[in-house]
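Colleague: Here is how the chains run, residue by residue.
Number of protein chains: 2
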Amino acid sequence: MAPRKEVFEGVEWRIRVAADGSSEALVPATGLARKAWLGLKGLISGFALKVRMFVKKAWDVGTNDPRKVIHCIKVGLALAIVSVFYFMRPLYDGVGGNAMWAVMTVVVVFEPTVGATLYKCFNRVLGTFLAGFLAVGVHWVASQSGERVEPFVVGASVFLLASAATFSRLIPSVKSRFDYGALIFMLTFSFVAVSGYRVDKLFELAHHRISTIIIGSSLCILVIMLVCPIWSGQELHSLIVRNMDKLADSLDGCVTQYFYQSGEGTNSKEEATDNKLQGYKCVLSSKASEESMANFGSWEPSHGQFNFRHPWKQYLKIGASMRSCAYCIEALNSCIKSENQAAKLIKQHLGSGCLKVSSSSSNVIRELAETVKTMKKKSSTTDLLAEDMKSAVQGLQNDLKTIPHLLNPSAIPGNKTLETACSEATTPTVTLMELVPVVTLASILIEISGRIEALVDAVEELAKLADFGINDDKSKHSKMTDKTVSDAKKQTDGTMKALQRV
Amino acid sequence: MAPRKEVFEGVEWRIRVAADGSSEALVPATGLARKAWLGLKGLISGFALKVRMFVKKAWDVGTNDPRKVIHCIKVGLALAIVSVFYFMRPLYDGVGGNAMWAVMTVVVVFEPTVGATLYKCFNRVLGTFLAGFLAVGVHWVASQSGERVEPFVVGASVFLLASAATFSRLIPSVKSRFDYGALIFMLTFSFVAVSGYRVDKLFELAHHRISTIIIGSSLCILVIMLVCPIWSGQELHSLIVRNMDKLADSLDGCVTQYFYQSGEGTNSKEEATDNKLQGYKCVLSSKASEESMANFGSWEPSHGQFNFRHPWKQYLKIGASMRSCAYCIEALNSCIKSENQAAKLIKQHLGSGCLKVSSSSSNVIRELAETVKTMKKKSSTTDLLAEDMKSAVQGLQNDLKTIPHLLNPSAIPGNKTLETACSEATTPTVTLMELVPVVTLASILIEISGRIEALVDAVEELAKLADFGINDDKSKHSKMTDKTVSDAKKQTDGTMKALQRV
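Protein chains in written order, with full-length UniProt numbering: chain A, 1 to 502; chain B, 1 to 502.
Extracted from the complex, chain A is given alone in its bound form (with noise of 0.2 Å):
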């Protein structure tokens, strides 16, 4: 709207029509001010254009997802809770007027999830522990060795010290659990040994920053724990879970929309559509994510249906699993741009075929999805699932077997005699380039069945590690199990009898 505003009053001043019908610029009676007035009128609205769009952005992160904006309060509410130490005499002197340090802490230790919170909050209080002893104890040699040599003691130990620290963050095994850790150990050495220098009483100093920390740190556990918390853990468990329908809904619909491709059906429809299909690309790019939630959850104590020692590395595994299958489905993806079109009669042929074993497979990661969403072992219903997939791929392998009669050898030049006797046994027939893209994309389904085999073996393995339970109400589950394989079936018919109708 603005900018459009904006372009109409320009040209309502500048130009004049004279009356033959040419058009001249008009030199404005105030001149240099009035040019002034009109870029600074620009430049406020395209600011304030500017500002709309970030309020709006802003706005959108705050309604997509409002646990975020909890955090914001939550921060704000730790930070007032903590500024009471200033206000209350008695609180303030009692930590010898380093109370800023527990304001500090709240800043920096204070992350969305309850994971990142205990791990930054005990590396803080490890960190500044180590490094206070060995500071006193460094300043302490220092100090026996006289007044020249000293700050030399003291450089010295704090140049070597820092390089070590810093190199510990270096390794791999130490940077993805003690990472925060090492650099409060720099902080605090280079601190307290440093000020050893100047201030007198240095036990107190190491002493009341380690309270002031333990006090920041406590209230931030307290905040996070008790005001809606948000385990990483369980966000974790809910991505997979999430993943893994995505998969499902990209994998089923890729094979869908390509045997169909008639494309009826909305506008509006089509964009969710659309947006379903691109779900497994979220699987592709979520390893990172996964991998700092499994290591924030493992400091999570027990929550929930997730015990301290919940398996989180495991999940770790089900996502490569399921990256795997997504690598696939972007092959899948391409053979269904391919501007090689497939012929109508071998689509049709192999079409039936390829939408079971999509379909089947789909079944069975969302079973998964069902499996790890409930904690509950259903194995039954997931290994009728995994054998339907399985006599799937079978049924599509013999599809396979069954094409060589529509070929048509006539595309072979010098091969005339065959190509008489075939031609006439066989009709209609396809040449073996339409064919590719299908049989393409029939091994690839099949590749993607066997990674999905995988998947559910990777899933098995988190049942037993985190020992989830058993439906206790065994009509229920049998009853259950019946139910869900048959409403994946009348899926599959669904599905088939909509393809015979296009």
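Calculated directly from the structure, the hints in this document are not laboratory data. Do not take every clue at face value.
Since copy identity is lost for identical chains, a pair holds within one copy or between any two.
[Unchecked claim] Restricting the straight-line Cα-Cα distance to at most 25 Å, the calculated cross-link-like pairs of lysine-lysine (PhoX-like) are: (1) Lys287 x Lys313; (2) Lys377 x Lys276; (3) Lys68 x Lys56; (4) Lys57 x Lys376; (5) Lys377 x Lys313.
Chain B: place on chain A using the hints.
Modeller: Positioned in the frame of chain A, the structure of chain B alone reads:
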């Protein structure tokens, strides 16, 4: 070694074999003390083993990338220099005893690369400035509102601004550029605003904090840029070139291995080949590091061949394009490992075509790597190689078209009349199932060549944006071009010949 020795010792004194051949547990004379000693010994040797493993790992980190060791020394050096502030009375007094902020700044802003350090320095200074001014303002308002209301005004402002700053860190566009600045803003604002309640000379405090932070930041920038600087941009540039070479090696290696598969050569050679084949996985997993390098690269001043506004974002596009090729190589790999073995006849028929496509494709990638590496346009070579690739793809498609006469229609049940006619005309024959893996491989190869064309476009876009030079020596250039193309062709021909020998 250690655990085995322990077990042996245990056996030696615990079991005594009696005359009748039965064994019984020995009750040791020294009892508990000996047990404890052995337990302790086991613990110590286990710990020693762990320490040795850790030291080995650390040593590997250092030897694999000596620049990491240099980085550690740089951190130590910067900290030792900044400690001088403490030891020299005039400097110490100059910042009112707040020299500690300079030390802390060095610890937290010193990063391995120039870009990351500049990002942190800039953010720290900016955040401190903004927060300092705002906090002094809020303090003035609070102090005007009376002693009773003051804590509430300060508390409310801390709550509001901390919430707002935290929220801004959750907006992606702010996060990528100003995440650290927002954190420092919160830190400084709470620090100065809350201190206002107890500290009299607030303006001086803010002033000292800002000047010490500027001193610390300047020192960091000097050390990071003068002592063996590591530039994020240069790192990104090298990473992209390295990944291109890996991609080319993987593509070449996969296809060659598939059509050889006889497994000649020594084990060590095979291992080296395996490493080469897995190179594409580096491409798959380098998205996050590419993004952070590009982000930090944009903070860096002109260095080496790179200007200040070098188009680092374009490298991300090249990276994405490479990843889309790598997804296909992953699918290719699955074809190669497929249980469904292809017939030898078909392998021979399509082998030379596939190898031509793979080697011409990898030649294009290697040439692109060379273009990016030297930052010189050599469009004629690239064009020639791309043409070569296209004609190889055309050849492979023609090979695919001539397949049908190799097919065995006898695989189709109930097609006996045709079988008789065809089996006479075409010998030898293969079933379609034996064809599927090779056809899939061929069509994925064709897809890869399409994606490489997109990669060529992305690199050309980079050459345009970054204004790559043209090789000055024209005769040398054309000579080089010819040489490159003929080298590439020679390599392809060599592979072909080797294949025929197998």
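Colleague: Are the hints correct? Go through all of them and say.
Modeller: Taking the hints in turn, this is what the structure says about them:
no. : hint            : in the structure
1   : Lys287 x Lys313 : both (13 Å within a copy, 22 Å between copies)
2   : Lys377 x Lys276 : neither (28 Å within a copy, 41 Å between copies)
3   : Lys68 x Lys56   : within (16 Å within a copy, 43 Å between copies)
4   : Lys57 x Lys376  : neither (40 Å within a copy, 40 Å between copies)
5   : Lys377 x Lys313 : within (19 Å within a copy, 47 Å between copies)
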